[in-house]
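Student: Chains U and Z supply the protein sequences, listed in that same order.
Each residue of the first sequence is one higher than the one before, counting from 465 in the working numbering.
Each residue of the second sequence is one higher than the one before, counting from 465 in the working numbering.
Any given hint could turn out to be false.
[Stated by the list, open to error] Taking beta-carbon pairs under 7 Å as the criterion, some of the chain U residues facing chain Z (in silico): (1) 581; (2) 582; (3) 766; (4) 779; (5) 1051.
Hints listed in this document are in silico derivations from the structure and should not be mistaken for laboratory results.
Glycine residues also receive a C-beta, built at the ideal position from the N, C-alpha and C atoms.
There are 2 protein chains.
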Amino acid sequence: MYSSYDVIVVGAGHAGCEAASAAATMGSSVLLITMNMQTIAQMSCNPAMGGVAKGQIVREVDALGGLSGIISDKSMIQFRMLNRSKGPAMWSPRCQSDRNVFAWEWRKALESNRNIDFWQDTVNEVLVKDGRITGVKTSLGVEFIAKSVVLTNGTFLNGKMFIGEKVFGGGRTAERSATGLTEQLIGLGFESGRMKTGTPPRVDGRSLNYDLMEEQLGDEKPGKFSYTDTPALTKQRSCWVTYTNQAVHDELKTGFDKSPMFTGRIKGLGPRYCPSVEDKINRFADKDRHQIFVEPEGWDTVEIYVNGFSTSLPETVQYNALRKIPGFENVRMFRPGYAVEYDFFPPTQLKTTLETQLVHNLFFAGQINGTTGYEEAACQGLMAGINAHRNAYEEAEFTIKRSEGYIGVLIDDLITKGTEEPYRMFTSRAEYRTLLRQDNADLRLTEKGYAIGLASQERYDTMTAKRAGIAELTNSIRTAKVKPEEINSWLETKGSALLREKSSFYTLLKRPEIEQEDVKNLLKLVADMPEIRVGEEVIEQTVIEIKYEDYLNREKQNADKLDKWENLSINPTFDYDRLKALSFEGKEKLKRLRPSTIGQASRISGVSPSDVSILLVYMGR
Amino acid sequence: MYSSYDVIVVGAGHAGCEAASAAATMGSSVLLITMNMQTIAQMSCNPAMGGVAKGQIVREVDALGGLSGIISDKSMIQFRMLNRSKGPAMWSPRCQSDRNVFAWEWRKALESNRNIDFWQDTVNEVLVKDGRITGVKTSLGVEFIAKSVVLTNGTFLNGKMFIGEKVFGGGRTAERSATGLTEQLIGLGFESGRMKTGTPPRVDGRSLNYDLMEEQLGDEKPGKFSYTDTPALTKQRSCWVTYTNQAVHDELKTGFDKSPMFTGRIKGLGPRYCPSVEDKINRFADKDRHQIFVEPEGWDTVEIYVNGFSTSLPETVQYNALRKIPGFENVRMFRPGYAVEYDFFPPTQLKTTLETQLVHNLFFAGQINGTTGYEEAACQGLMAGINAHRNAYEEAEFTIKRSEGYIGVLIDDLITKGTEEPYRMFTSRAEYRTLLRQDNADLRLTEKGYAIGLASQERYDTMTAKRAGIAELTNSIRTAKVKPEEINSWLETKGSALLREKSSFYTLLKRPEIEQEDVKNLLKLVADMPEIRVGEEVIEQTVIEIKYEDYLNREKQNADKLDKWENLSINPTFDYDRLKALSFEGKEKLKRLRPSTIGQASRISGVSPSDVSILLVYMGR
Ligand SMILES: Cc1cc2nc3c(=O)[nH]c(=O)nc-3n(C[C@H](O)[C@H](O)[C@H](O)COP(=O)(O)OP(=O)(O)OC[C@H]3O[C@@H](n4cnc5c(N)ncnc54)[C@H](O)[C@@H]3O)c2cc1C
Ligand SMILES: Cc1cc2nc3c(=O)[nH]c(=O)nc-3n(C[C@H](O)[C@H](O)[C@H](O)COP(=O)(O)OP(=O)(O)OC[C@H]3O[C@@H](n4cnc5c(N)ncnc54)[C@H](O)[C@@H]3O)c2cc1C
């Protein structure tokens, strides 16, 4: 009945939106089919983007030409750079979002892409012929034809929600679940599993006593996610911090006998790293309190997200426990927290492009792959969208290496190791995390995004200008000399050793007590410095590269070495005990898992980059 | 578990929002329970407020202190005063709304009322003790206690949606239905019925060719709904008009054998006055075209509402027929139209306050009473909310007479006559429609709203100032004399007879060729006029009252007479044939229905006010 498409994207969550946008921007005709056009880009859980490792992902998505960064910038109500006190590899941008604005900005962005059509409906069948996708069929019985199909069903496949002893069918509160599709995919030979996640209660901000909590302000100079010229925030809303206590825990415990998790009614595995509050007090029985972040849901709503209090205990238990939290004495709930259990497809069934091994041109992205989190979903959607387009146009696959981005780490982890619990990104998963910083995602990835027609010319020009600026500034700094009289009085204020003679500006910068914020002042003091017109970002980047030069060089070499020896095979009977220098955990894992290549060895969690180096040295490389 | 409330409102549609706001503003503690807090004040169907008779209702709601007018003003994208070419009794304000903004403004307004709490859940039981409501029970099993309960379930009770031969459970597209409540109410002794309504497909505005349609601009000087100081629009979006044709009708007919209505699968009665397009071409087979309004869904979306094309034919038939409409040749659909069938409760089971006769302090409002339309729902919600509050505080009932407002007409119609098809307001339903104009709703009702603590002091002050202004201006006009030399040249431009001598300004104004817009000019010309500082509204009102003076006086007398003789009884064996002057239709109806009082006689549709006068004359009054 309707026209056929290059790419069909099923589901308009974070994965689906990025997939549709990417394929359409690259030139595919795209049909986005989703159950409810009013819930496009709905944030199912916390109203926030970014955070540790996740913020890096958003910046990578942005650098490649995805939209999550731009949309986050347009809809944020607070911005914080997490981990500022640690090294730049750990710096992680995070924002609090206006839930409504976020969704509406995505919708506007998708509508403004002329290559995207929309259809509100539920897909319950993929059409396959000779091992190749040909389209989808919906619950209305409509068949749509396409060259590639991307499934991004999130938590909706046979979704079931739990609150205490009650169970409701549905993918998200007050939304239906999607049935039929899992069963059909199993019929085609796919393997599926069950996972669970949860969400905290929402409460009425007017009923809280903020005097009993700590205010958490946004950054004084709020940053942003996108490398494009989105504006930074000029005003922000605060979050608040409070804590559970023994009384809260005792109240929660009264519901344990009705907990869907503890009583085994939920079969799916939950996220170990994002546990429910009942999980926390159960597993960390010695901790007498847990942090609660009190987060507003938008600019102009009183709805509050109780971060850290995810739960599926009976709603009366939730309510009674909440009331024991300082500041929550008179709390009024809008709705209780709940757990959701859903089907996923172990991602070991995928290729690096997120195409399924079983059905040509069928892609899976997002929570359907056993991941959790908006950012994890968004980046998979982007990669699947890109490759769905490239497959449709018979172009080569597009992938990102572990040493190039968190996106590379995530996809490699998923397809090689699979995941037993909802997979979430951490900096510790990346062996080259000092290279994969939030500040250099554009330098790492925009060229790649540009080469495939996703990142715009403007984006590319901005990045190359930045790159040129860094080169120029680095060069100037390397050659500039500083005279003691120019700088000693300033050095004194910093408690840094004074200069005796004209010295290299470059070595001065390496002093740890001279921080990035100082460098701008410093640049002004140095007469020898040529006039340079460079932005903050260039300075930041240059300083990081100089300050951490040795470290970064070592990492780069490691990465190159690993790239080179990726396929070097290891004798299956190798005696790891002979290598005394290996870390204890690394040795144990290697002995147990017996990887067949250096590449595989390097990706075992617990096997450190230095363990790999030791192996390579022993093998004569 | 939770605190108890004065008033619980179930459902946050147009009825529920007004009910909650009214009761809370008057001082009740209110709990608003709704299935999904994300869909508060969702416009289920067309993105528009007001229209003929409906616009008057919105102004009445506003005059009493309800919020629909203010919210409409804040969310409109186009305003038109319909029927400007007819007399002022027919003038009807109508706006095109931004669907999202409308819903969000309602949510903000409710959140900003400290007396309103929220709970997201489905009510499936009302708690009743000794014939009196005590609270509700939800699907989570939570019981909430209240003195009064207002049910506003809209189309959700056992809602079923139909598209061609497919049936889905649900109250609105992609939303669940509410089950259990109807059955329980029947158990309590209530009678229920089934009705249906429908909605057209939504399409992609980017796929339409507007060159083939007529543009429909907003008013040059856009008006608004609220008597408060909401700002008027400064820019507007256009709508467009196109038509069906024989080819469209032929396509539609190919689906008739699969129509859920024609094949009898939908049992509920649909709105005769708001028919589906298949109904139209079926019932008016001689009409070769029907008008289609192409209406944008908001400021910044490409989604289009195809007004006039409501249908539940199979989606392929919808699509093929749409494509035959001029401008729709390349149309892309977002989603098909559908019909929805739902339970309602015949409103003859209610009192004038919308309290049920069966259960004390239980109220029904909105579509659950067999009405259709946002405005009809909103005004019922307002009245039920007011009376739920007053019952909770043991205050006297609050009602509006038929001669005071369309709201009075609507409620009186519902509770005395019931309704066999979805009830919609028309000007013809009001016997005193010249009195019930959109321009004087404040003068009619604000005092009443103020007396019960709903309309604010400000509102009341504005109204009394207007009233005083009208009195002053009327008085000046009555006494002012105009000299020929002051005015004749102007009269000439209007083609109006010249003055020979100093004349009364008052009689001049009665000339039909002198229109309201002229009066401002005229006022400036008359030397004899005292300096008056009056706004547009005062002038408008004064002019209407003067121009239509005799007519309005007659109507007022009629209304007073009827009020007086409301309970005058008519002999059940009265021989109507003796009264030759009765209208044919009036006589037939009177003979058939044999009303027992003059009041009842006057409310029979077909019995005109003059028929009633004849009866009264005969009875010697
Ligand atoms: C209750 C809950 C709690 C969560 N808690 C956390 C948390 O604490 N931390 C965390 O990091 N993440 C959490 N998440 C996960 C996070 O919301 C997801 O990881 C993320 O939204 C996944 O994005 P996605 O695009 O894969 O899927 P989703 O955002 O779920 O979007 C899926 C989309 O697909 C549509 N869809 C599904 N099936 C079909 C079909 N058959 N046909 C058409 N359309 C379809 C849906 O309507 C929806 O638009 C939670 C999710 C839920 C529901
Ligand atoms: C498909 C469709 C087409 C329509 N077409 C037209 C038309 O052409 N012309 C016209 O004038 N009108 C039309 N209408 C009707 C118009 O939308 C309604 O008259 C109006 O919205 C009724 O307002 P309401 O407040 O009574 O109910 P609704 O707007 O339906 O709101 C009901 C609310 O109650 C909630 N709710 C329901 N049951 C429960 C429960 N048990 N517990 C908690 N919450 C509950 C729902 O979630 C919802 O928020 C149509 C409606 C639909 C659905």
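Student: Now look at each hint and say whether the structure bears it out.
Tutor: Here is how each hint holds up against the structure:
1. 581: Since chain Z brings a Cβ to about 5 Å from residue 581/U, closer than 7 Å, the hint holds.
2. 582: With a minimum Cβ separation of about 5 Å from chain Z (threshold 7 Å), the hint on residue 582/U holds.
3. 766: 5 Å, holds
4. 779: Because about 6 Å separates residue 779/U from the closest Cβ in chain Z, which is inside the 7 Å limit, the hint holds.
5. 1051: At 52 Å from the nearest chain Z Cβ, residue 1051/U fails the 7 Å test, so the hint is violated.
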